Amino acid sequence: MQISRRSFLQYCTFASASLGLGPSELIKLGQALAASKAPSVLWIQGAGCSGCTTSFLNYTSLMPPVDAADVLISLNLQYHPTLSGGAGRTVVETINAAENFILIIEGSIPTAFDGHTCIPWSDKGQDVSFFQAAQTLAARANQVIAIGTCAAYGGICAMGSNPTQAKGVGSALGIKPINIAGCPPHPDWIVGTLLPLFMGETVSLDNNGRPLFIYGQRVCDQCPYHRRGEARSYGVNGLCMEALNCQGRSTNAPCPTLQWNNGVNWCIAAGSPCLGCTEPTFPSSGSARRGGRGGQGRGFGRQGA
Amino acid sequence: MPKTIVIDPVTRLEGHLRAEVTVDAVNGENQVVDAKVSGTLFRGIEQMLIGRDPWEAAQLTQRICGVCPVPHGVVAAMALEKAAGSIIPDNARILRNLIMGANFIQSHILHFYHLALLDFIKGPPMSPWQPQWETEYRINDADSARLNKRYIEAIKAFRQVNEMTAIFSGRQPHAPALAPGGFTTVPTNDKIDLFRRYSQTVIDFVKNTYLPDVEFVATQYPEYNQIGKGYGNLIAFGAFDLNGAGGKSFFHGGRIVQGNGQVQPMNNDAINEHVASSWYENSTSKSHPVTSATQPVYPKDGAYSWIKAPRYENQAYETGPLARMTINGLYKQGVSVHDRHKARALETLKLAEALPVWLDELNVGSPVYSSYTAPTEAAGFALAEAPRGALGHWIGIAGGKIAHYQVLTPTCWNASPQDDDRQPGPMEKALLGAPVQDTDNPIEVLRVIHSFDPCLGCAVHVCRITRR
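For the record, the sequence lines run as chains D and P. Counting in my numbering, the first sequence runs from 669 upward without gaps. Counting in my numbering, the second sequence runs from 812 upward without gaps.
Hints are computed from structural coordinates only; laboratory data are not their basis. Model, not experiment: these values are computed from the prediction. Careful: at least some of the hints might be erroneous.
Stretch-level coverage of chain D by chain P, calculated; a stretch enters the list once three of its residues show a Cβ under 8 Å from a Cβ in chain P [unchecked claim]:
id: 1; region: 731-737
id: 2; region: 860-871
id: 3; region: 881-888
List of simulated lysine-lysine pairs, DSSO-like, C-alpha gap at most 30 Å [to be verified]:
id: 4; chain 1: D; residue 1: 705; chain 2: P; residue 2: 814
id: 5; chain 1: P; residue 1: 933; chain 2: D; residue 2: 705
id: 6; chain 1: P; residue 1: 960; chain 2: D; residue 2: 792
id: 7; chain 1: P; residue 1: 814; chain 2: D; residue 2: 792
id: 8; chain 1: P; residue 1: 1240; chain 2: D; residue 2: 792
Heads up, the beta-carbon is just placed ideally off N, CA and C, and yes, glycines get one too.
Excised from the complex, chain P in its bound form:
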């Protein structure tokens, strides 16, 4: 007998997410046979930007996400610079890389310890960690106690990374130092030294605590090396410009199709957004973010989410640290729940070790800012990466004001609903086939969902109007 389970709220993520899965016996094992993932928050930040001074985008778009504000601010500034054809000083490029790299690190630490870990262990014996679901946590009491201690230590590490970031960003979250034209904090030897000392602490934590803990959890739940595979389609836009000309990036963009190791080029013109399952006017479907409109329609047959469904050549792609690391040849193990955690942890170490190198490239005394004038009529876009994956901002300016703004976030890709061809979104696809032992406590569903690190605040299109 198929049984439908609703998890609402899915906790331990940013924003609001609901999951509805149907479980049925397949070859004698209860499995997820259908999955629908809905975001349940719509803020309309893109619409609210229209009519505002273009300058404000680098500050206001950071408020899309309090966990990863820096990539939004950086990408908005890049889009504004592209619209004006302006070039930023090398110091600004490096400072942006430093605070964005640090922002990835804090997001990844928070994700593993505070958002995902309690799917695998019994948490501290008090609220808010209890009551947990009553299910089998396979990790023994001694190891759980050790990991609980790590949970607490990770709060300290998270805070320290934010302090390190703020040395240059001015404050975390929501970095005031990001402005079109460059950066506002002037690097001094004192600031560089302080950042370097923090970065060593961070490298130690990632190397000696985070990575071993991820490996340990993976050994205790080996079946999650197979569960949660999904399409195996991976996409990255690339990020961290290393030479100012945009020719060399720390992570390059690209695609991998159905787990095939061959990296294909990524051309953003091939992206469109489907709305068959989203509460938007069907005539707007399959449009590119540079022209796409957001026309809400309710009720609408067959729709169950207000996340649009971004597709590349009409195919669903997963984005995130696993996609970045695999496309860049830095991770070669596969696609699964644990692969997402492992690639995220390995990326954290790679970035943590890059920070001191970038720090050495700062030139004390050289400018961080070059005068920026917002154009009266122009358009621009920028593509980069956020902790959770590929991120793009598209801006149109008319009469000196923002006339068009579209943001394509990682969670729009990952948590998207079915598209016009009824292909499920990547997270929905990854849920299919996941075993569910206890339909009252379907912890397996949380494990798959959390492996994507969904951020519903970022999925700005997202909204769900109550079902009829």
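Bound conformation, chain D alone:
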């Protein structure tokens, strides 16, 4: 079970093509992970559904680390609310004592009611709002990663009337985190972003704070169903979904080539329009979408025909 830093390195050999890492970088990564100074990771959850954690646990690869268990063992993940063995003051002490760490934030940050709609823990009898926790820990972290569209941009938790005034990490804290957008994000995006960070590399980001090597292309431009004839109703697979208000034209993500859940399927292959879940506008009501031909102001789930 104790694989890890070495097998993590082996994985990097496999991943190097997509991440653009050469042999010298890989050696550096191995050294970084083996060094006692390697950063630990704190994963905290705000207003969300734990779907990003579920997606992370779906991680799989042909090369080690072969799954999320391997990654967990590699990362020195000091705290994760869904996985930590301890509870109560034990985990709060761990969080308070953490140094030299990468902070992963899952879920949005509610700001109404002085943050009291989301209390992830209390400390010495005092409620700690997620807003406070994120502020304090982000200030101490080497790097902040916003995982999922709620953390990146507010997402589902900030839609419509947004009664809790939930915000993304960047907007709530006034910082520029790395945004691994998606509702949920693909597990490869999560693991693939962590790798270069452990090497101390800078990850190039797009205007929405997303790693360019993941979110550099529009769904539509990679989609095998583009120009394959348009589906006019659900229940037909293998056709372009644009007439059903597919958001692929205005959504950046590698879903068509990467696919989901070990490559068994993905939204458009399942005869379902792209929801645009990696975009800051998600879940838009359609009218605010950029350039959607079939949308005409309709909600994303609306049948066009």
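Based on the hints, put chain P in the right spot on chain D.
Same frame as chain D, but now just chain P:
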């Protein structure tokens, strides 16, 4: 001397939960004599749905829970279909059953190995599993090492179940293939074969690993066959429509009162939501989800949670796999911490073995979708089951937009606070009488709470504003 202990956060669950228990000596043994369970996350998803296109409910409500999105999507679609009076093709019904059954299985595997098991064994010797509480873990080193290995294997099984689900659902979590009117993925022989191969792997894991491990833990901690009983009131709505007419379900609904084996009928009109202990306007108390309003009030005397307290005929009921299995005559051992784990594991096997049977009923070439038009003015509701218990969605549509949306989740029942008659919620009641050996490390409290598999993301009403 009574001593009050606060556990905040209660980890290894979905969302945020705080537990406050008072421990005192009863007949020479330290026991929980008072318990208050508070959810600490409020998102207001129901309110945010108002004004949106009804179509979106089947996708947006899945985001209530990243562990059990499928039942939310299915129930939302059913409520929309009921509002429109539309019927879905048989293939769609079967495909929904397949992905929902699979979603139960992944949730149950995650629950036992990753959320509950570390209450009973010493986990892997590194973060995030350490530091654990310093307490007596009765299982010896060799067996703990074996179960730690199973913990890792269960991550693989969890992933594989999600892959199996995604063959039809399109992606997990948050299944794009659920739409009002039916289903979007067209079943092919290749997809059916792939699903079947996965299902055999899953059956093997559940039969040869999960069930024996649950039994083994139960033998090591036999007192938990008595601890955590609670009211013994069980409720289920029923789920997995088997014939399209709604007349025959894989699990039928019903109630059991105070552990009495007689199954009583379940009529959703008898459900109401109490708010005496919740931060809501008292005048809204005891209303049914079809009309209930969510009017926050803070501060409010006597309130300590923003979970409302759903009650049936003003009585508290526990819901979940144990309720389903007992009401359906498939589990007859009792109500306790281990009974919840055992019934959950047995249900997992029953569902895993049902999947290949349902798969055979798919008709390749027949439709999966029938045209759906959302009504302009209508109301609808649907009741079914999620992994953690009874689930209901109520929708009202006006002017072609969502005008009313209420979700009643399993954790609202189980983790509810005291009601208007000051009866504790089912989880609070189950904590009463639990022995606590070490008030600094009250592991017994975690064991009782985790046996319910609480999901605070699902308990959408939930919120707690800081105490004064």
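### Task
Against the structure, test the hints numbered earlier, and report the numbers of the ones violated in rising order.
2, 3, 4 and 6
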